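Undergrad: Residues per chain are reported as follows:
4 protein chains.
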Amino acid sequence: MMKKIKLGILGGGEESLIGILHRVAANMFDQYEIVGGVFDSEHSRSVDFGNKLQLDKSRIYRDLDHLVEAEMKLPENERMQVISVLTPNFLHFPMSKQLLENGFHVICEKPLTTTLEEAKTLEKIQQEKGSIFGVTYTYTGYPMVRQMKTMIQNGEIGSIQKVDVQYYQGWINPLIHDKEKRSTTWRLDPEKSGISCCIGDIGTHAFNMAEYVTGLKIQEILADLNYLYEDNPMDIDGTVLLRFSEKTKGVLRASQIATGEENNFTVKIYGDKGGLKWEQENPNYLYLLKEGQALQVLKPGHPYNSEFSLEGTKLPPGHPEGIFDSMGNIYFGIARAIRKEKGFEGAFPKLSEGVRGMNFIEKTVESHKQGNTWVKL
Amino acid sequence: MMKKIKLGILGGGEESLIGILHRVAANMFDQYEIVGGVFDSEHSRSVDFGNKLQLDKSRIYRDLDHLVEAEMKLPENERMQVISVLTPNFLHFPMSKQLLENGFHVICEKPLTTTLEEAKTLEKIQQEKGSIFGVTYTYTGYPMVRQMKTMIQNGEIGSIQKVDVQYYQGWINPLIHDKEKRSTTWRLDPEKSGISCCIGDIGTHAFNMAEYVTGLKIQEILADLNYLYEDNPMDIDGTVLLRFSEKTKGVLRASQIATGEENNFTVKIYGDKGGLKWEQENPNYLYLLKEGQALQVLKPGHPYNSEFSLEGTKLPPGHPEGIFDSMGNIYFGIARAIRKEKGFEGAFPKLSEGVRGMNFIEKTVESHKQGNTWVKL
Amino acid sequence: MMKKIKLGILGGGEESLIGILHRVAANMFDQYEIVGGVFDSEHSRSVDFGNKLQLDKSRIYRDLDHLVEAEMKLPENERMQVISVLTPNFLHFPMSKQLLENGFHVICEKPLTTTLEEAKTLEKIQQEKGSIFGVTYTYTGYPMVRQMKTMIQNGEIGSIQKVDVQYYQGWINPLIHDKEKRSTTWRLDPEKSGISCCIGDIGTHAFNMAEYVTGLKIQEILADLNYLYEDNPMDIDGTVLLRFSEKTKGVLRASQIATGEENNFTVKIYGDKGGLKWEQENPNYLYLLKEGQALQVLKPGHPYNSEFSLEGTKLPPGHPEGIFDSMGNIYFGIARAIRKEKGFEGAFPKLSEGVRGMNFIEKTVESHKQGNTWVKL
Amino acid sequence: MMKKIKLGILGGGEESLIGILHRVAANMFDQYEIVGGVFDSEHSRSVDFGNKLQLDKSRIYRDLDHLVEAEMKLPENERMQVISVLTPNFLHFPMSKQLLENGFHVICEKPLTTTLEEAKTLEKIQQEKGSIFGVTYTYTGYPMVRQMKTMIQNGEIGSIQKVDVQYYQGWINPLIHDKEKRSTTWRLDPEKSGISCCIGDIGTHAFNMAEYVTGLKIQEILADLNYLYEDNPMDIDGTVLLRFSEKTKGVLRASQIATGEENNFTVKIYGDKGGLKWEQENPNYLYLLKEGQALQVLKPGHPYNSEFSLEGTKLPPGHPEGIFDSMGNIYFGIARAIRKEKGFEGAFPKLSEGVRGMNFIEKTVESHKQGNTWVKL
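Protein chains in written order, with UniProt numbering: chain A, 1 to 377; chain B, 1 to 377; chain C, 1 to 377; chain D, 1 to 377.
Since the hints were derived computationally from the structure, they do not count as laboratory data.
Mixed in with the good hints there might be a few duds.
Identical chains blur together in the list; that is why a pair holds if it fits in one copy or across any two.
No farther apart than 20 Å at their CA atoms in a straight line, the calculated lysine to aspartate or glutamate pairs in the EDC-like style are these [said to hold, decoys possible]: (1) K217 - E33; (2) K3 - E345; (3) K3 - E33; (4) K179 - E191; (5) K6 - E128; (6) K290 - E15; (7) K6 - E117; (8) K52 - E33; (9) K181 - D65; (10) K181 - E291.
On a predicted model such as this, the values are computed, not experimentally measured, just so you know.
Could you put the whole structure together from the sequences, leaning on the hints where they help?
TA: This is how it looks when you write it as structure tokens:
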């Protein structure tokens with residue numbers, strides 16, 4: 001009989017916004033058993049939280065060092081197999097590195113690291129160790145994103161000629177115009193968040209999505225960023241021209257000063273045989289545009305969807321899937337990989353995608369700083 | 001420290017559509033620990049499924065009798081506290097009854113029973129025992145439904161003058177026109193499903209929702225049902241005129257032959273100070289209509305929502321909630337009640353609502369059979 | 001060479017809301033020349049308005065008697081051929097009658113008359129005279145309503161099994177709760193508006209549309225109206241159960257106290273092969289639902305639409321049609337009929353539809369007053 | 001008494017797509033009387049068309065020279081006052097020039113000319129003559145675009161920090177991939193269409209709209225265009241980075257190879273106090289985003305709209321306005337200007353806007369050809 005995969009978690013405690021997302025996702029398909037972790041840098045809070053989850057006290061660790069040491073002493077069939085890294089951005093790298101080096105599989109929040117250098121280091125270790133490493137570009141798990149990917153792969157919209165991705169939020173607006181606030185927000189502090197705010201946090205989602213659904217690689221970019229204030233070291237808005245090939249062009253728009261926007265992430269792909277459009281805030285609709293035909297709206301759970309899409313749909317049509325489902329699908333994909341089962345291609349975002357994301361962030365800032373010139377990825 | 005509530009499940013095994021919904025919901029807020037149950041009438045399948053969930057084998061029971069007997073022998077702090085009944089409709093009553101009589105709390109799928117008589121019997125026992133009994137009218141758990149309820153309660157749209165609820169599906173269309181199929185579908189078999197198909201299955205959701213969000217009670221109804229074929233004993237479509245009071249009228253429309261519809265459940269409430277509208281297939285939008293003002297679209301997670309609504313929202317605005325979240329909120333409400341904590345009024349649908357639902361079903365069929373006349377509820 | 005049709009107008013002057021709608025519609029396809037009329041009961045205002053339209057002063061008449069007398073003296077090729085009646089409801093009948101009796105074609109706003117009796121009288125005269133008589137159920141002129149009609153006629157959604165029409169407005173809410181206002185509003189005065197307000201004004205649109213798009217006739221109805229106050233003699237809200245045949249049922253909902261609603265007129269038709277949905281406030285989208293297929297959204301101007309629909313579309317896809325276009329199409333249909341050209345069936349609403357509308361209004365009130373019983377149409 | 005303005009038309013005959021748009025618009029507010037013109041380069045067709053409009057034969061001219069000569073001989077109060085130029089792009093300049101030189105007011109379709117040079121020439125003559133000159137950037141006439149302009153002007157969304165305009169169509173897709181077709185389409189022939197296809201035809205609308213609603217001027221641009229094939233001399237897709245000021249940035253996206261798109265023109269403006277969004281294909285909704293508040297959807301005809309917006313709304317809320325209404329409003333604005341009445345600022349697009357549009361087109365192509373560098377406007 002198949003045993004659940006033993007999962008540890010770093011971060012994601014009481015104050016965390018995303019802890020619940022990962023826990024629900026891990027539980028969704030009955031693939032994982034959360035066995036312990038370090039939920040908070042403050043040990044007592046970590047313990048309280050672990051207790052709430054009813055975990056064995058002995059596996060609520062003081063810090064990662066203690067976790068690694070103790071877990072390595074356990075017999076292999078009791079040991080944590082995979083560990084989710086939900087800590088602040090700057091800790092993604094050292095923690096993931098330590099985990100990889102000790103043979104754990106890793107699930108890491110994005111952005112993967114704070115520099116491309118670090119990302120490459122992780123990739124090198126991972127390749128040596130042969131570990132599974134998932135990066136939670138959450139939105140790729142939605143059934144209709146998977147359907148879009150399959151349809152493009154199957155030639156449904158022909159050869160891609162135009163790619164348009166947008167990720168608009170407004171949450172930085174109330175901070176950025178206040179000198180005090182903008183100097184104290186951790187997202188705007190390069191020490192904690194790397195060299196980019198808007199592109200690093202959300203632009204990278206849009207970049208990944210553009211490559212994910214099209215199956216194409218972006219070759220070159222030209223970026224124009226906005227910092228709004230001279231004393232603000234981090235971009236909070238930007239437009240990036242994308243070149244996939246001589247003919248296939250695109251544009252990526254990201255903003256955290258699109259006042260009033262929540263999480264307005266949209267994807268539009270146009271080929272010579274049709275177009276496909278999707279919006280994250282209304283994730284259960286996939287729009288198919290074909291010349292001379294009525295607009296088609298595809299929805300999850302129908303047999304006309306691909307097997308890959310259907311695998312990620314839990315209930316019959318008309319029962320809205322949400323963000324939890326999307327992350328649940330990604331965790332499921334990782335579980336299969338850990339179990340060495342054959343899963344769908346694209347079932348979870350890989351470390352290499354995280355590396356490409358870091359490369360994109362660095363090159364975007366480079367292009368902007370050079371005066372908005374083309375830079376090869 | 002707070003312990004998780006020990007949950008047993010009846011039904012919901014491998015073949016079940018709704019098993020995953022209840023398990024995800026139970027896990028969502030870290031309130032429950034699934035400890036065992038009877039997942040399938042076929043014991044070996046039940047055991048396989050319990051193993052998959054990594055449950056203690058000794059608590060995967062052959063049937064409900066065994067479960068009750070064994071659990072009652074356990075010390076109280078190890079015993080199942082609450083049991084979810086996800087079995088076919090006609091088993092809801094005997095199982096719930098046995099559970100109540102043995103002191104368990106119960107979570108039961110709707111329709112509660114197959115007759116009003118049975119429902120009243122359950123209510124009587126529950127009142128004697130003082131048990132918690134939740135009926136999973138799932139859709140009442142959505143954050144924006146809760147927001148609608150609070151706003152109406154707070155007088156935001158004034159005195160209610162018009163109620164309009166619709167629940168349209170199309171799934172029976174491909175069955176009903178085929179003599180063979182319509183005679184073998186269990187939903188169309190009164191033995192298994194009670195006296196009504198469409199009203200019993202979905203009309204009752206709409207009825208409950210109309211009373212839930214308005215806080216009003218429907219006094220009288222006049223129903224017109226459609227059976228389409230003389231050899232079909234069960235309604236598959238119907239319209240019900242609703243009278244809340246002399247002045248406050250409404251209409252409930254339900255159909256399973258609205259070809260092509262998925263789960264198109266909508267609620268519109270109009271008062272003398274404004275209107276509120278909500279659609280289940282797009283559950284994160286609540287429309288507020290006020291004379292002389294722009295249409296307002298409220299969304300989950302914003303501070304302008306009520307505490308009751310916000311309690312059921314797990315992530316920041318822009319991260320779509322789905323049906324899992326809705327059921328998760330209901331399980332959370334039940335958990336609080338079991339812990340004797342003070343929760344929000346309306347945090348989960350009560351047994352009395354299930355009883356009213358059964359009454360509605362019977363009276364609807366009665367009104368129709370009498371030639372579409374008014375019947376008091 | 002084809003001459004424009006000479007058009008006279010009664011009402012529709014400076015204060016009129018609908019005058020501009022009729023004038024724009026008449027001009028749209030270059031079929032009519034407005035030559036004169038009686039624009040206002042106050043002659044000087046009528047003259048001022050006629051001057052503004054740059055009409056020949058001699059054809060701006062004091063009243064209908066003068067108009068008829070003077071026009072009849074003109075040579076036939078100069079005489080007004082058709083006259084649009086845009087006056088208050090209670091004048092529709094006497095004016096239309098006088099016009100028909102004198103050999104004019106007539107375009108009349110709805111409701112056609114204030115009683116069924118009057119409507120039948122008009123019909124009798126019209127049949128004797130062989131005149132063209134259009135009733136402006138404006139919404140039937142939209143390209144996508146025409147498309148819906150053609151598709152149903154062609155069997156696209158199979159045999160109709162469910163009809164659902166809604167017409168919700170909120171404009172009476174601010175009047176009805178004020179005793180003074182509700183006693184002085186002309187729409188609530190039976191002398192001026194006939195026996196019904198809500199059903200007469202908008203329910204009749206919904207009734208006509210239900211029959212128009214399905215090509216079916218409603219056989220029986222059962223109505224429940226709402227008057228809200230005892231001193232209010234006119235319905236302001238109502239639900240009407242519709243029976244097209246033993247199997248084909250439907251429901252019509254109309255309200256003027258759906259607070260905050262503007263002109264929310266929707267049509268849903270379900271057959272055994274699919275469903276079609278349309279909304280007046282977003283008139284350029286027609287939704288086609290087919291089992292096992294993606295939802296289809298048809299839009300005006302595409303070659304996949306019927307000739308009938310395309311005739312009423314003036315610009316390429318993506319250029320929104322509005323209410324003016326809808327009325328323009330109806331005027332065009334009437335022009336063709338006047339010229340004795342063969343036009344599309346359903347190109348304009350006929351007098352017989354107006355008569356059916358009046359019958360519906362009377363029977364609806366009758367059903368309600370009898371205690372919500374079935375009444376044959 | 002006010003006389004109608006005498007209007008002549010060049011082009012817009014039987015084969016024209018836009019002739020009907022201009023005629024309906026001219027008639028809408030009863031401000032113009034169409035008296036003659038040159039409707040087709042083939043005189044007999046022109047005469048036939050003029051006859052259909054029932055125009056005086058003597059004023060259906062052989063060509064512009066004849067028109068000018070004959071009209072100049074008429075007494076001033078009978079002479080055409082304003083002439084609409086609806087001919088192919090390359091004729092806009094010579095015809096407008098001749099008209100201006102002879103003292104006519106002009107309404108000209110966009111693009112104004114084929115070169116910036118020509119545009120400036122027109123502007124010079126117009127300034128000397130003091131003529132009224134309207135350029136039909138049609139979409140600025142929609143009531144909700146006007147409302148957006150007023151709200152921004154009134155500071156409703158504060159200081160603008162992000163501008164995003166999109167104009168996506170797909171109509172060139174079926175032509176561009178066919179060598180034969182792409183070499184014979186007039187829009188892709190620089191001789192007939194100037195130096196740009198996509199930017200010239202639709203990008204210029206988006207450019208104008210961005211400046212129109214914000215009241216700001218774009219200072220610099222950086223463009224990346226797509227031609228897809230080496231033998232195609234004209235852009236068919238492009239993205240243009242916009243700089244309004246150091247801080248206020250934006251992006252303009254235009255495409256004619258967004259396969260399946262119809263006329264998907266959208267405008268999003270974000271300031272430090274809120275955001276506003278509008279979509280041409282659904283022109284009656286204006287979205288207002290404010291931090292911490294429900295999304296607001298403004299619609300035409302409500303008293304909360306500005307006077308400027310309300311002036312362009314002909315019917316009560318809930319009666320959809322379409323593209324005809326938008327053009328009608330522009331014609332009305334021009335009529336007022338011709339009558340020397342004080343109208344609303346922005347009531348019609350001026351020649352200076354057409355000049356800026358031509359400048360934008362030339363600079364966009366220049367930026368692209370220079371290797372995607374910043375160019376000052």
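Undergrad: Look at each hint and say if it fits the structure.
TA: Hints, one by one, checked against the model:
For the homomeric pair K217 and E33, neither the shortest alpha-carbon distance inside one copy (36 Å) nor that between copies (45 Å) is at most 20 Å. In the homo-oligomer, the alpha carbons of K3 and E345 never lie at most 20 Å apart, since the shortest distance is 24 Å inside one protomer and 40 Å across protomers. Both within a single protomer and between protomers do K3 and E33 lie at most 20 Å apart by alpha-carbon distance, with minima of 9 Å and 18 Å respectively. Taking CA atoms no more than 20 Å apart as the test, K179 paired with E191 passes inside one copy only; the shortest distance there is 18 Å, against 54 Å between copies.
Taking the shortest alpha-carbon separations for K6 and E128, neither the intra-copy value of 23 Å nor the inter-copy value of 44 Å comes in at or below 20 Å. For a Cα distance limit of 20 Å, the shortest separation of K290 from E15 qualifies neither inside one copy, at 47 Å, nor across copies, at 27 Å. Taking CA atoms no more than 20 Å apart as the test, K6 paired with E117 passes in neither setting, with 30 Å inside one copy and 48 Å between copies. In this assembly of identical chains, the alpha carbons of K52 and E33 lie at most 20 Å apart whether taken from the same copy (15 Å) or from different copies (11 Å).
In the homo-oligomer, the alpha carbons of K181 and D65 never lie at most 20 Å apart, since the shortest distance is 35 Å inside one protomer and 63 Å across protomers. Taking the shortest Cα distances, K181 and E291 sit within 20 Å of each other only across copies (17 Å), while inside one copy they are farther apart (50 Å).
In this structure, the earlier hints numbered 1, 2, 5, 6, 7, 9 are contradicted, and the remaining ones agree with it.
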